[in-house]
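Engineer: So the chains spell out like this:
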Amino acid sequence: MVPRMLPYLVSAATVAVVGVAAWALTRFVPLPHVSVLFLAAVLTSAALWGFWPSMFAAVLSVAAGAFFFYAPLFDFRVAQPQQVVDLAVFGIVAALTSRLAARVRAEALAARRRQETVASLLAFSERLAACTSDEELRAAVSEHLSRVLGPDAPPVDEEYRKALLGQAALALDRARLRAEIAEARLARQGEALREALLNSVSHDLQTPLAAILGSATALETLGEQGDPRARRELEAAIRDQAERLASDIENVLDLTRIRAGGMAPRLELVELADIVNAALRRKQRALGAHPVAVALPPDLPMLRLDLFLMEHALANVLDNAAKHAPAGTPVRVGASVQNGEVVLDVTDAGPGIPAADLERVFDPFWRGAGAQAAGRGLGLAICRAFVEANGGSVAVVPGAGATLRFRLPVPEAEPVAPDE
Amino acid sequence: MSEGARILVVDDEPQIRRFLRLGLEGHGYSVIEAATAEAATRAAVAHPPELVVLDLGLPDHEGFEVLSALREWSRAPVIVLSVRSREGEKVRAFDLGADDYVVKPFGMPELLARVKAALRRRTAAAEPLFSVGGLEVDLARRLVRVEGAEVRLSPKQYRLLQVLVANAGKVVTHRQLLGEVWGAAHRDDVQYLRVFMRKLRGRLEADPARPRYLLTELGVGYRLRTPDQLA
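Protein sequence lines correspond, in order, to chains A and B.
All residue numbers for the first sequence refer to numbering that gives the first Met the number 0, where the first residue is 0 and numbers rise by one.
All residue numbers for the second sequence refer to numbering that gives the first Met the number 0, where the first residue is 0 and numbers rise by one.
By construction, these hints were calculated from the structure, which means they are not laboratory data.
One should not assume that every hint holds.
[Unchecked claim] Some chain B residues well away from chain A (every beta-carbon gap over 12 angstroms; in silico):
1) 44
2) 49
3) 122
4) 127
5) 145
[Claimed, not checked] Straight-line alpha carbon distances no greater than 25 angstroms define the calculated DMTMM-like cross-link-like pairs of lysine to aspartate or glutamate that follow:
6) B:115 <-> A:242
7) A:161 <-> A:115
8) B:103 <-> A:232
9) B:103 <-> A:239
10) B:115 <-> A:411
11) B:115 <-> B:59
12) B:198 <-> A:267
13) B:103 <-> B:12
14) A:322 <-> B:109
We put the CB at the ideal spot given by N, CA and C, even for glycine.
Chain A extracted, bound-state conformation (with noise of 0.2 angstroms):
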């Protein structure tokens, strides 16, 4: 055990220095209390090492004294009484210093320890609040307390123990506070945005049932020898808005469906065009006022894809393409392959998306600035849900009139032919 026997080994070579050069020092100078220079040696030892390694100091010292100053010369026993008294003076001395000093090392060691101690929790808390998530707060935590306080650990003082569990319980109880207020704002949040669904839901349903409700009573009170003209156009707004009526409370199923979760696609081997042509098929009376062109490649692969999902969404963007485009104006599908993928584009004449809108036509409650054809937002929602579902993408590209454009993963392996 070198570090143990070291204060001593070290004690003794100091006694060892000064002898010599007490030794050396008498040869010019006659001293007669030669003791007075050990006191170095066992101040030092007190100062580095404590009380036991100045107390060696101080017996080493005192028969240093004996042995080589004291007459007789290489003998412990000392001739003259004044001598005698000397080295005893010396002794007490020596151990009363040593206890002095000592103690004054003690309380510097204590200081420091404290310090320590400060400064390990100090960078303990710091670690703990640049901790962002919860998991990290808890890897943190026990991987520190394991570190300093765990079996492989040098032993610790109770009160830093104590210090140390209290701030890490501190910590972990301030992580539980914020998870529960972020859920609870969540849930406040989640109110809102039902709130908010409830009152474009609402919007949505009350306005063409109004337009019907009155029509229908406007068509009564016309009667028999009413104008045929107003009395065609009230017929024609009935159907009008019974069918927007219709698409809308669609939106609304598919949306409850999708928040539900119960949408599990069920993708098989399609024809794009297939899909296309049904959706136009459906969307056809909306857009009557358009003229269509379709320009699909006939030899676009066939692709993995869930064919009413993909066919909704698709309607989605025809209607928003026919509510927003101005009567007249083409409407237009195209599709491409690039880099393993099919593009879908389907593009309007309309006003467009304007750039910091790109994204938001997306969200369900979205309605663009004009909003003079409303009930845009839950179509485009339900659209992206719908394709997302089906492995693909869909966006807003920028540019004059809107372009809806789908990205649709080519399936890898081709369909195997029939023999013919």
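Add chain B to chain A, keeping to what the hints say.
Structural biologist: Relative to chain A, chain B alone:
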């Protein structure tokens, strides 16, 4: 024409029955109403209808029972009414022998067109020559022409076309087509059919991506248009 034909309307919702009766009677058809499966079966036996409009949404899926009971003895065209969210229902109805379907909500003009077409198909005698637009199929000589030019088809392609011609104007389900062309073992290989239909369209259609003759009924099957459906 079939004006005056007797139509059985089966729907459990009185509002729907009312507008169907008013709409159909307004065009000269005579209408019998039934609100339940049992009443429908009884009415069909008492006054055999020339066409049936059947709501698949009857309670307890009884719409299918009406359909299969009717098909035991009647070949009267059946137009089923279904809602969009239940696509599987449609396929089952076709497999049970339905002739056409209309998705609720629908407009009267749409239903009237379907009714007219179904009644006309019923009275049309089987002819050896089928033609729609520029497509001609000579069943007797097994010849197919597009815009006057003869088109060579593989035996399977011709068989597929033949089945569609035999059911021209009607939706033929994937299962029916697969069973007829490839045999019962391949009834569920819809993928086959899609790949095959692409080839057939390539031979017969000017723009296979926008077919004029061979229409897809999404998730259900295919329909070969008749001349009056081409409009």
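Engineer: Are the hints correct? Go through all of them and say.
Structural biologist: So, going through the hints one by one against the coordinates:
With a minimum CB-CB distance of about 36 angstroms to chain A, residue 44 of chain B clears the 12 angstroms threshold, and the non-interface call stands. Non-interface status of residue 49 of chain B relative to chain A is upheld: no Cβ of that chain comes within 12 angstroms, the nearest being about 28 angstroms off. Non-interface call for residue 122 of chain B relative to chain A: holds, since the shortest CB-CB distance, roughly 27 angstroms, exceeds 12 angstroms. Every CB of chain A is more than 12 angstroms from the CB of residue 127 of chain B (nearest about 25 angstroms), matching its label as outside the interface.
Against chain A, the non-interface label of residue 145 of chain B holds: every CB pair exceeds 12 angstroms, the least being about 16 angstroms. Only pairs whose Cα atoms come within 25 angstroms are accepted, and residue 115 of chain B paired with residue 242 of chain A is accepted, the gap being roughly 23 angstroms. Between residue 161 of chain A and residue 115 of chain A the alpha-carbon distance is near 15 angstroms, which keeps this suggested pair within the 25 angstroms criterion. Taken as a hint, the residue 103 of chain B and residue 232 of chain A pair is honoured in the structure, with Cα atoms around 24 angstroms apart against an allowance of 25 angstroms.
For a cut-off of 25 angstroms, the pair hint linking residue 103 of chain B to residue 239 of chain A stands: about 15 angstroms separates their Cα positions. Between the alpha carbons of residue 115 of chain B and residue 411 of chain A the distance comes to roughly 46 angstroms, so the proposed pair goes past 25 angstroms and is violated. Restraint check: the Cα-Cα separation between residue 115 of chain B and residue 59 of chain B comes to about 30 angstroms, which exceeds 25 angstroms; the hinted pair is violated. Taking the CA atoms of residue 198 of chain B and residue 267 of chain A, the gap is near 19 angstroms; set against the 25 angstroms cutoff, the hint holds.
As the CA atoms of residue 103 of chain B and residue 12 of chain B are separated by approximately 13 angstroms, the hinted pair is consistent with the 25 angstroms bound. A hinted pair counts as satisfied when its Cα atoms are at most 25 angstroms apart, and residue 322 of chain A with residue 109 of chain B qualifies at roughly 23 angstroms.
Violation of the numbered hints given earlier is confined to hints 10, 11; the remaining hints are satisfied by the structure.
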